[in-house]
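Chains A and B, in that order, give the protein sequences. The first sequence begins at 1 in the numbering used here and counts up one residue at a time. The second sequence begins at 1 in the numbering used here and counts up one residue at a time.
To be clear, the hints were calculated from the coordinates, so they are not data collected in a lab. Just so it is clear, the structure is predicted and the values come from calculations on it, not from any experiment.
One copy or two, it doesn't matter: identical chains are merged, so the pair holds either way.
In silico DSBU-like links for lysine-lysine, alpha-carbon gap of 30 Å or less:
no., residue 1, residue 2
1, Lys174, Lys466
2, Lys533, Lys466
3, Lys315, Lys447
4, Lys404, Lys91
5, Lys519, Lys533
6, Lys143, Lys274
7, Lys91, Lys143
8, Lys404, Lys476
9, Lys315, Lys303
10, Lys425, Lys466
11, Lys476, Lys466
12, Lys455, Lys315
13, Lys321, Lys472
14, Lys403, Lys91
15, Lys404, Lys472
16, Lys261, Lys274
17, Lys447, Lys341
18, Lys466, Lys528
19, Lys274, Lys425
20, Lys519, Lys341
21, Lys174, Lys425
22, Lys455, Lys313
23, Lys403, Lys472
24, Lys261, Lys402
There are 2 protein chains.
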Amino acid sequence: MALIGSLSRSLSVNRLMTGRGINFQVFATQLSSLPGTRGLAFKIDEQLSNLVHRNLKMTEEAQKTEKRSQNNKGGEHSKGKPGKFILKTPKGTRDYGPLEMAVRREVFDVIHSVFHMHGAVEIETPVFELKEVLTGKYGEDSKLIYDLEDQGGEILSLRYDLTVPFARYVAMNKITNIKRYHIARVYRRDNPAMTRGRYREFYQCDFDIAGHYDAMIPDAECVQLIHQVLSRLNLGSFTIKINHRKILDGIFGACGVPVEKFRPICSAVDKLDKSPWEDVRKEMVDEKGLDGSVADVIGEYVKLSGQVDLIEKLKNDERLKNSADAQVGLTDLALLYEYCKSLGCDAHLMFDMGLARGLDYYTGVIYEAVLVAGQSPKEEGTVGSVAGGGRYDGLVGMFDPKKKNVPCVGLSFGIERLFAIQEQKQRAENCKLRSTQTEVFVAAACKGMVHERLKLIGLLHEAGIKAESSYKNNPKILNQLQYAEDNLIPLVVLIGESEVQEGVVKLRETLTREEVTVKREEMVATIKQRLAKS
Amino acid sequence: MALIGSLSRSLSVNRLMTGRGINFQVFATQLSSLPGTRGLAFKIDEQLSNLVHRNLKMTEEAQKTEKRSQNNKGGEHSKGKPGKFILKTPKGTRDYGPLEMAVRREVFDVIHSVFHMHGAVEIETPVFELKEVLTGKYGEDSKLIYDLEDQGGEILSLRYDLTVPFARYVAMNKITNIKRYHIARVYRRDNPAMTRGRYREFYQCDFDIAGHYDAMIPDAECVQLIHQVLSRLNLGSFTIKINHRKILDGIFGACGVPVEKFRPICSAVDKLDKSPWEDVRKEMVDEKGLDGSVADVIGEYVKLSGQVDLIEKLKNDERLKNSADAQVGLTDLALLYEYCKSLGCDAHLMFDMGLARGLDYYTGVIYEAVLVAGQSPKEEGTVGSVAGGGRYDGLVGMFDPKKKNVPCVGLSFGIERLFAIQEQKQRAENCKLRSTQTEVFVAAACKGMVHERLKLIGLLHEAGIKAESSYKNNPKILNQLQYAEDNLIPLVVLIGESEVQEGVVKLRETLTREEVTVKREEMVATIKQRLAKS
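This is chain A alone, in the form it adopts within the complex:
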């Protein structure tokens, strides 16, 4: 054990000198399983960035290979014989490796904690539903639904979102009120654009409040929740745009749009965040047969955005003064603003009359959160919606035999986008991400220490301390210390024959490489102190 001190002090030199020569095949983590990481002369952050992109690239390459192979084979699949087929995940899907999962867990933990802050309960529904549950809910997007093969029995489809299963759950269980969250993956046979993070299998993260309540109190809570999650994720400045379906309908009505065109025109307005007004106007007039002058009046309204003063102005607007719909919507929004102010979440609100949100089922307040431009290194302008939702008072009734309705308001986080932004942010900040939470690595300085190491592991686990050791009988000391450094394990417990004889351990801080000798019976307490400080 006398050598340990000088060994560890010279470790940085050793790393450079013996780098590639060291047999670094010892431990079970994704780090050592990466190509090119057996040598020690690498930078963690480079490796991270590689790792984060690895799966993506592999999937893409596998896609290409598969395409080629399908072309060769005319789309046939070799069946049954292992080793003969192309090793890949299905089109539009991917595996998530340890570091990606660590980022996900971080984001989920924040969202979870906010959901629980609001007293939400969690529910879970099956990954598939009777096909007829999904039928007639998604319009022309129904073609994107994954069907299961008819293997004799019911006709099933994979869920397309979490909202329809929620409405089915509420109706089926005759629930009159619930505040629930549900985080789970949904399935869409879309054209995957994986480089832009669009997959066929992806997470949705929904929070909904169902029940007959007084106006705008639950709606304000939804806005508050978005505000809280985005603030806590600390992704930079954001805006929560709000609008109201009844204000839009009121405008359409006051401008002379026929009722049957309300939804198509609304869906045209929905494109305003991606297209200039000219294109939207063109769609209204050319595709949807609206009179040009009517479109122009709509244009005057949907280009407006502002705060409470705009609500006041519109209340007295000549055209909207007589629209019952518009007045209801404006009164709702004014109240929403007040409640948000009381809740302390009005700072990022923006009344945006161009916000329409595509889904037909919204009936009241709608909202959408966007991160403000220029924050993400790769993107210009806004990075698009990271959360959105609104009030939908009619969906549950579609499932109830007696059409009994339960009003709902809810939201969904664009969780895959939040993951991607969080990963980007952490790369940009050179954050050293960990895929494990290990606090102590138990190392031995000489041979024949495996039982002593295992005893220490047993002790540490018993005390609730996260601890690992090598799976080798006689691992090299350099490899063990290096493993602790590479995996950002803050503390190392070091033993040699003399330590065992004297009933002590050496406690080493990985960052400073400072070592102290501690009595075995004081080990746990000392470690807990150190961990509490860091």
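Let chain A serve as the given structure and place chain B on it in line with the hints.
Only chain B this time, still in chain A's reference frame:
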């Protein structure tokens, strides 16, 4: 606000007197959505037990209804028109409500924490795989695989377990070592026996160590992990049976079983935990064509169980002395015992020579944990396996183009059974389960307080305190206090006009109904103190 004191003191009387009369429709929880819970005179524990069973019953009833309806319609489904079909989840699946999810989360949290104690990383794979990935892995159980409809593209199947996707992941990413966990649902078109907790969609909870390591160190870690999880779940006494495939093979060889009958005979031995030896012998002789005398000799061995002394005895056994396989297996087990002793997890070990475990792919140590008889109110004898696993050194090679192997050892928790046992236990202990984590309920004693309540909610959330309030403008004070009691929310912040004027709040302990007046600026600190104490 003067009335509050007497109101709250007389609350228990009021509950009995006005019980069914109170309009208790206010808040969003599963409690108030239960039939028969609008009145207040109910017992929480009865309700719990009802709730836990509710989904199950509903699913079963829906199943029956569906069967009837299918008989009437000849299996046809009404399509497209909402409200016309039977509202149900697919056969063999169910929804999980708030209280069930709360129990699940508890169990998951324990398992998670132990996984992280061991420095395991998390991965996630798609819910479906190319069909050919699953082909040839599950023997005759392959008929239970859910296939997706061929909608033009790849032929896909829902995963059947997490082990095959893990092996595919390791091979595809050319990983040489990893210690990973994966908790996710898998799919089997089995005959559901939902009353016994057998579903077509259910969770698996896997931990595996892949890599070339020294003998028995990772294997001992798996045993330790099972030991730790079952201890922490506190489900009562348990036994971890261990055995070794090579010991079984050694016995079969030494008794004169032809090599091609090793696996079928092994699968007969596997039934020993459910059937008496006579039945198993019958299967060996009648179905599998083994000589009766050979079966009898096997019987002598597989009925044995013991500890290290049995290993020693068998090492010198006349028949096994010359079996290389048996000797390797026995040496492994002896070492495993030693390592488990060092790790402090040998107390529940039992060397059970009748343990065989069905799956073909095991190649070394196998283990299975059972809870000891008489603990569960409903069951006699052991409640069956709650965890199991073993070493499988050949599976990854099935996916590698060059058949390159990565040795693996792992385990899976019978998590659905653990959930059921945990629920039973909590019911038996009259545990008051909560589906939410709310710490503070903000209540108002008079009308017109909605903004004041929301301001307090904003303050409390800002301080990280989980807080809820009513969605009504002017909720009745009795209903608010009752909600806090029913939902086991420990603290209530009470305000009336005088409190607002004086800049104070009343802080009420739900359990004791004791009230103190606290300055508004001291509210957060006082609440944190109270919560820390409880």
